[in-house]
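Dock chain D against chain B, hints included.
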Amino acid sequence: MDLRRTLSIIRKETWHILRDRRTFVLVTVSPVFLLLVFGYSMSVEIKNVAIALLDYDQSALSRRYLDGLASTGDVLVRYWPQDYAELQSRLERRQAKAAVVIPTGFESDILAGREASLQVIVDGTDPNTANHAMTHIRGYTQGLALEILGETLQRQGIESDEMIGIDLRMRTWYNPTLKPIFGWIPGIIASVLGMPAVAATLALAGEKEKGTLEALIATPVRRSELLLGKLIPYVLSGLLSAALCALVGIYWFGAPFRGSFLLYLLLSADFFFATLSLGMLISVFVPSQQAAMACAMLIFLFPGFFLSGLFYPIASMSPMMKMEAYMMPTTHYVTISRGLFLKGLDMESLWPFALALLIMGTLVTAIAILTFKKKLA
Amino acid sequence: MIRRTLAITRKEVIHILRDPRTLAIMFLMPVMQLILFGYTATTDIGLLPTVVLDQDRTLQSRELVDAYRASNYFDILFYVRSEAELGRLIDGGQAKAGVIIPTGYGRRLTAENRASIAFVIDGSMPSVATTAFSAAQTVAQAQSTVLIQRVYGIEVDEQPGIDVRPRVWYNPDMKSANFMIPGLMAMILQVQSTILTALSIVREKEEGTIEQLIVTPLRSMELIVGKVTPYMVISLFNLMEVLLIGVFWFGVPINGNILLLLALGLLALLVSLGIGLFNSTIASTQQEAIFLTFFLMLPFIFLSGFFFPLEAMPKVLQWISYFIPLRYLLVIVRGIVLKGAGLSILWDQAAALALFAIVMLALAASRFRKRL
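Protein chains in written order, with my numbering: chain B, 206 to 582; chain D, 11 to 382.
Pulled out of the complex, with its shape left as it was, chain B reads as follows (with noise of 0.2 Å):
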């Protein structure tokens, strides 16, 4: 390993990706770009996910229920269909996601002591939007049943003056106004900066294919030195992208940092080793462009969104899927990043997560220097 011709390669390597101006809008600005466009799309308030009311019963129980449900806030009452008809409609043509039935008979029901039930409809195409809807729902539902009951007792001679039970106090920790886009921005620069390592491979690619990597292999530089030659840049140009990327949600979204800015951008650099040292394994491997992006998309796009712990709490993935996503390296860095923005967390706690990204670097680094020596031996 000499430094001077180290140097040299990463000088070439920095003028190439500076001169090819695609590749440096790719690795520095498609993040920032992305994450507009994600942070917009993904800061979705499930609370305006439409709603249908049908009420059969038309008592004053039954409006109560419904208005009080309209102005829970927690979900959006747009339709007030007439008939069933007209409610399935409404779910079939995906106008609303979730609908409340309340038959006839409600209010005697609960006069008469009796349990009333009423029907929650929820669009089950959406998983998550149902679930959703259908907490909410209930939730309510059991909270006015128990008023009901509380009256009800009143009205029975038992004196209940100030309401008996459990209170709960709610304390969202890091995003105390759950905001949900101050919670999705740090995991969504995580998983956007998944980037430069697809701009990386598809270049590295692309120049396997044309055949200037042979031009460079003639020379006295040594694999080592040219790996590392080409990695180093990149993970400079990563690091841009990533300052980049926390201005923008610091400054447009406003999501709080609380942690250290410099250990923001050394952790960084740390998963670029990893990601980027990924990529240019599998350029090494692909047998065309085509194919590399069709690889790269696989390795650092999708499951940087949905195996990173983004959507899904790892913590309930089954083992095989826990196993896949600890391999990822967008996982650790969504944890290192919400740790310094939402957690305020220092080295103390993140500690683990860095040091198996540097393991991954590392190991994979070292393979791709010996199998590159293989493959052009």
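Treat the hints as calculated values from the structure; they're not laboratory data. Predicted, not measured: the structure shown is a model, and the values here were computed from it. From the three backbone atoms N, C-alpha and C, an ideal C-beta is built for every residue, glycine too. Any given hint might turn out to be false.
[Unchecked claim] With a Cα cut of at most 25 Å, we get these calculated DSS-like pairs of lysine-lysine:
#1 D/21 to B/415
#2 B/217 to B/413
#3 B/415 to D/325
[Said to hold, decoys possible] What the simulated footprint calls covered on chain D by chain B, stretch by stretch (three residues with Cβ under 8 Å from a Cβ of chain B suffice, anywhere in the stretch; the number is not a length):
#4 32-41
#5 297-303
#6 349-356
[To be verified] Residues of chain D clear of chain B, computed beta-carbon distances all greater than 12 Å:
#7 15
#8 23
#9 46
#10 65
#11 192
#12 269
#13 377
What follows is chain D alone, placed relative to chain B:
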């Protein structure tokens, strides 16, 4: 005309077959995506890892913890002795929620019939936090009802209550695979075929072989049709592949008419063809074509309702989504597969898709002729 087109098609097929590894990756890609989406997504937001700090340690507090455990929403994994420990578990992400039962909870419940507890939610995961919030409240309310009944010595059945009868339509088991797989079918039709179309033309440009093709008596229409046909076949093949794996492996029900699905799928392929051709007139290298398609497709995927309900998005994004053909295709595929919808419901979506196909193809063809 047909003979010349076929000659181009044959040439392209030979080209594809010469690189069997890339071909294999093209076929494997949808399968991998399917496995990824199908399995990760089935986890949904299952049990939430929860930590309990019971400072009270009475019969009543244990009863409450049991109620949380029985809720099928919270998975009580840790019992801790101090708030600092609870904080560490939530900081480290091992627990996403925490129940804190303060000292005196049981005593206060017996004496005053009222006590409070604290519930901590990790707000850094918004997909979980809001639902956890409602679920925690539901458990506390149910427990309150039990208490009222106990305090006044009344039987549960003799008192009024409201029973919620949940019905889940279209996807009764709420399987995410049923949501994801139709979406994936739409995405393959749109994304993969667009990239393949663009690349097939741009490759000739990059290698300079397009000039040779132009000097032949081929018309540009024959060239385009001949070149993209094999890729359209590959895309259709991939569609069938996803359909079969979805049905036989993940058990996704096909409630509607498969022929209608294929017919509208072909319409969607025409849209992709148009977009792909259009891209190929802009890009001059394969890398450029890939980037261009990529940049177009990512917002497509996220703003089309593939993952997130469109109606919950900001208004501006909803307007933008009208210009995304994938939006209409998703409604069509999910409608046919999950809801068994027919053309009487989906005609407007199909019309929008047809409009896109005509506009994109016309646009691409005119630009293509000029570039040549």
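Evaluation of the provided hints:
Taken as a hint, the residue 21 of chain D and residue 415 of chain B pair is honoured in the structure, with Cα atoms around 22 Å apart against an allowance of 25 Å. A hinted pair counts as satisfied when its Cα atoms are at most 25 Å apart, and residue 217 of chain B with residue 413 of chain B qualifies at roughly 16 Å. A threshold of 25 Å between alpha carbons decides the hint, and for residue 415 of chain B with residue 325 of chain D the separation of about 46 Å lies outside it, so the pair is violated. Counting residues of the segment 32-41 of chain D whose beta carbon lies closer than 8 Å to any beta carbon of chain B gives 4, which meets the minimum of three for the stated coverage.
As drawn, the segment 297-303 of chain D meets chain B at 4 residues by the rule of a beta-carbon pair under 8 Å; at three or more, the given contact holds. Three residues within the 8 Å Cβ limit are the bar, and the segment 349-356 of chain D against chain B gives 3, so the coverage statement holds. Its beta-carbon lying about 23 Å from the closest one in chain B, residue 15 of chain D satisfies the requirement of being farther than 12 Å from that chain. Every C-beta of chain B lies more than 12 Å from that of residue 23 of chain D, the closest at about 16 Å, which supports listing it as non-interface.
With a least beta-carbon separation of about 6 Å from chain B, residue 46 of chain D fails to lie farther than 12 Å from that chain, contradicting its non-interface assignment. Every C-beta of chain B lies more than 12 Å from that of residue 65 of chain D, the closest at about 14 Å, which supports listing it as non-interface. Distance check on residue 192 of chain D: its Cβ comes as close as 8 Å (rounded) to a Cβ of chain B, failing to clear the 12 Å threshold; non-interface status is violated. A cut-off of 12 Å between C-beta atoms confirms that residue 269 of chain D is not in contact with chain B; the least separation is 20 Å.
No Cβ of chain B comes within 12 Å of the Cβ of residue 377 of chain D; the nearest lies about 20 Å off, and the non-interface call holds.
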